[in-house]
Amino acid sequence: MKKRKRRPYIWFLLPGFLLYLAFVIYPILAAGKLSLFEWNGIGEQVFVGFRNYKELFSAPDMMGQMLNALKNSLILFVLTVLIQVPIQLIMAYMIYSKARGKSYFQVAIFSPQFIATPVIVFLFTLLFDGNVGVVNRVMEAVGLGEYTRSWLRVPEFGIYIIWAMITWAGIGVGMMYFISAMKMIGTDSLESAYIEGAGFWKRLWYIVLPQMKMTILNIILIGYIFCMTVFDYSYLLGGTAGGINGSVDVMSLFFYRMAFGDNNPLGGRISNNSVGMGTTIACVLFAMVFVVALIQILIVYRGGKDNE
Amino acid sequence: MNNRDMMSKHQGKAAGVVKALLWIYSTCVFLLLLYMTYQSLRPKSDILGKTFAAPEKLSLDNYIRLLTEEHFFRYFGNSLVILVFSLALLVFLSSLTAYGIARYQFKGRRFCRVFFLIGMMFPAQLGVIPIFQIMKTLGLINSPLSVILVSSANISMPVFMLTNFFEKLPNEIYEAAVIDGAGEWTAFRKVMFPMASPVVFTVCITASVQIWNQFFLPLVFLQRDEMKTIPQLITKYTSNIMNTVDLAAAASTLATIPILLLFIIFSNRILDGVMSGGVKG
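Those sequence lines, one after another, are chains A and B. The first sequence: position 52 = 575 (our numbering), numbered continuously. The second sequence: position 77 = 699 (our numbering), numbered continuously.
Simulated from the structure, these hints should not be mistaken for lab results. Possibly wrong hints are sitting among the right ones.
Claimed, not checked - In the PhoX-like style, the derived pairs of lysine-lysine whose C-alpha atoms are separated by at most 20 Å in a straight line are:
no.	chain 1	residue 1	chain 2	residue 2
1	B	K679	B	K666
2	B	K758	B	K850
3	B	K666	B	K858
4	A	K556	A	K577
5	A	K706	A	K625
6	A	K736	A	K725
7	A	K621	B	K635
8	A	K621	A	K725
9	A	K625	B	K641
10	A	K725	A	K706
11	B	K641	A	K621
12	A	K621	A	K706
13	B	K635	A	K725
14	B	K790	B	K812
15	A	K725	B	K641
16	A	K556	B	K758
17	B	K635	A	K625
18	A	K736	A	K706
Source: prediction; values computed, not measured.
Taking the hints into account, I'd like the entire structure generated from these sequences.
Structure representation (structure tokens):
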């Protein structure tokens with residue numbers, strides 16, 4: 524074989540490298556730099572050091588908004604870990620155990636993944652709206668008419684409704700990952716456990732789950748990143764303000780509000796430090812995701828060595 | 623009957639309850655979608671006033687209005703342009719990059735692998751302000767090109783999946799192609815890339831869903847009404863439900879049901895792709 528003297532790999536790498544550099548890597552670095560400036564995107568950039576960060580963490584108004592947004596994200600995450608992940612595991616185990624109708628379940632549970640967020644919000648409106656909602660009509664029909672209300676507009680329920688939408692839409696992906704991890708488990712140990720008399724749920728608890736710890740951890744980490752960065756649901760349900768008293772506010776929405784202004788019907792307002800403060804919030808958000816994302820990527824990079 | 627089949631016979635009462643719940647839940651998902659489709663065929667006054675009443679008149683009026691007065695096809699076209707070009711560019715760039723990393727030995731190869739993974743660690747919001755500044759400089763605000771460029775630059779996951787695939791391909795295939803007189807480029811295009819089609823399929827499915835349904839980038843970059851995408855159009859109707867519930871139902875149905883039918887038809891392949899492409903890389 525002739526020796527290859529040219530470097531063909533450069534031509535393979537270059538196009539992707541350039542676009543990736545321009546629209547993924549450079550913006551990250553630029554965001555870090557811009558967070559040290561006071562700037563509204565048009566006028567003059569003034570270097571202010573870490574003043575934006577100080578302001579974010581000390582001004583009561585900013586700090587309050589941030590803590591509220593973080594609290595909401597945390598609620599989403601806790602609910603995801605405590606409720607969604609166990610449900611995903613049980614669903615996956617049923618399908619893995621060849622429950623009758625498993626293809627039907629898979630398709631139904633995964634389907635919402637293909638539905639755009641505004642449609643998901645609309646479907647929930649059809650169910651829970653004060654006027655046209657199915658739930659209220661059913662309650663009236665069974666004599667609970669006095670408890671009907673506009674469910675999507677109750678601030679106390681806001682973040683839980685967001686969670687319900689997220690879960691309904693996204694539960695299928697994690698479930699498929701769990702099924703795939705279960706399929707990697709050798710059937711020998713399951714069969715011998717069965718012969719020794721371990722019941723259906725005991726086999727799940729003692730044999731299946733211990734062998735898919737990494738996959739579960741991975742799904743939890745993905746869930747954390749998702750809950751920290753979720754945007755569309757809060758924006759669609761609560762507008763730029765994040766609902767009444769910020770009931771559905773999350774970090775990304777807080778970021779959007781600071782960076783691109785408040786386009787609510789009462790009149791837009793945008794601070795004269797929109798870019799500086801916007802990137803500062805984005806960097807804080809990144810700091811909270813970074814470590815978790817790093818671990819998650821390590822798991823993926825090593826192929827989630829559960830079953831070896 | 624082997625043990626595996628025996629095991630699925632002996633699952634106990636609790637499993638029976640769970641199965642029943644799964645049947646109910648799955649059926650509710652489809653019923654909800656049917657319900658939306660049903661409402662989309664009714665006039666606004668009926669949806670609001672007689673939500674549950676028996677259908678008096680079902681018609682395609684809402685759809686006709688959506689397609690004519692409301693220019694649904696314009697938004698559909700916008701979404702389609704963004705999808706097709708983003709997807710083509712994404713597949714082109716990521717397969718080239720992955721092939722370059724996987725097939726050739728060179729200094730900095732490991733660095734490249736990690737470098738292209740970095741994008742997965744950063745929330746999309748982090749870079750959007752600098753990208754906004756770039757787009758403003760290039761005059762691409764309100765141009766689909768802005769969304770296309772950003773969507774297709776997001777190659778971390780595809781590069782990772784395709785690199786894993788190309789690395790596992792035996793070298794003999796490549797050498798056979800070269801002996802037959804193929805250059806580097808021909809070997810890639812004619813031999814190696816077609817072999818990757820199952821992975822490319824998975825990449826395409828995942829990316830299409832993301833790109834077609836994406837909300838954040840169009841919201842930031844496409845502010846002029848005639849440039850907006852389908853999710854933005856639906857948002858316009860759903861944000862004022864009392865006035866436009868009929869259009870919201872019709873647009874939602876039109877944007878959702880065809881895609882779901884496609885998914886149901888190809889569900890086996892798609893779900894297999896999701897399982898193989900996910901955690902296991």
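A quick look at each hint next to the structure:
1. Of the pairs offered as hints, the one joining B/K679 and B/K666 holds, with about 12 Å between alpha carbons and a cut-off of 20 Å not exceeded.
2. Distance hint between B/K758 and B/K850 is fulfilled; the C-alpha atoms sit about 17 Å from each other, no more than 20 Å.
3. A threshold of 20 Å between alpha carbons decides the hint, and for B/K666 with B/K858 the separation of about 16 Å falls inside it, so the pair holds.
4. A threshold of 20 Å between alpha carbons decides the hint, and for A/K556 with A/K577 the separation of about 16 Å falls inside it, so the pair holds.
5. Among the hinted pairs, A/K706 with A/K625 is consistent with the structure: their alpha-carbon atoms are about 14 Å apart, no more than 20 Å.
6. A C-alpha spacing of about 16 Å is found between A/K736 and A/K725, which places the hinted pair at or below 20 Å, so the restraint holds.
7. Pair hint A/K621 plus B/K635 holds up; C-alpha atoms about 16 Å apart against a cutoff of 20 Å.
8. At roughly 17 Å between alpha-carbon atoms, A/K621 and A/K725 fall within 20 Å of each other, so this suggested pair holds.
9. At roughly 10 Å between alpha-carbon atoms, A/K625 and B/K641 fall within 20 Å of each other, so this suggested pair holds.
10. For a cut-off of 20 Å, the pair hint linking A/K725 to A/K706 stands: about 18 Å separates their Cα positions.
11. For the proposed pair B/K641 and A/K621, the alpha carbon gap of about 11 Å is at most 20 Å, so the pair holds.
12. With a C-alpha separation of about 12 Å, the suggested pair A/K621 and A/K706 falls inside the 20 Å cut-off, and the hint holds.
13. The straight-line distance between the Cα atoms of B/K635 and A/K725 is roughly 14 Å, inside the 20 Å bound, and the hint therefore holds.
14. Taking the CA atoms of B/K790 and B/K812, the gap is about 18 Å. The hint holds against a cut of 20 Å.
15. Restraint check for A/K725 and B/K641: satisfied, since their Cα atoms lie roughly 17 Å apart, inside the 20 Å limit.
16. Under the criterion of a C-alpha separation no larger than 20 Å, the hint pairing A/K556 with B/K758 is consistent with the structure, at around 18 Å.
17. Pair hint B/K635 plus A/K625 holds up; C-alpha atoms about 18 Å apart against a cutoff of 20 Å.
18. A distance of roughly 14 Å separates the Cα atoms of A/K736 and A/K706; the hinted pair therefore holds under the 20 Å criterion.
Every hint from the earlier list agrees with this structure, and none is contradicted.
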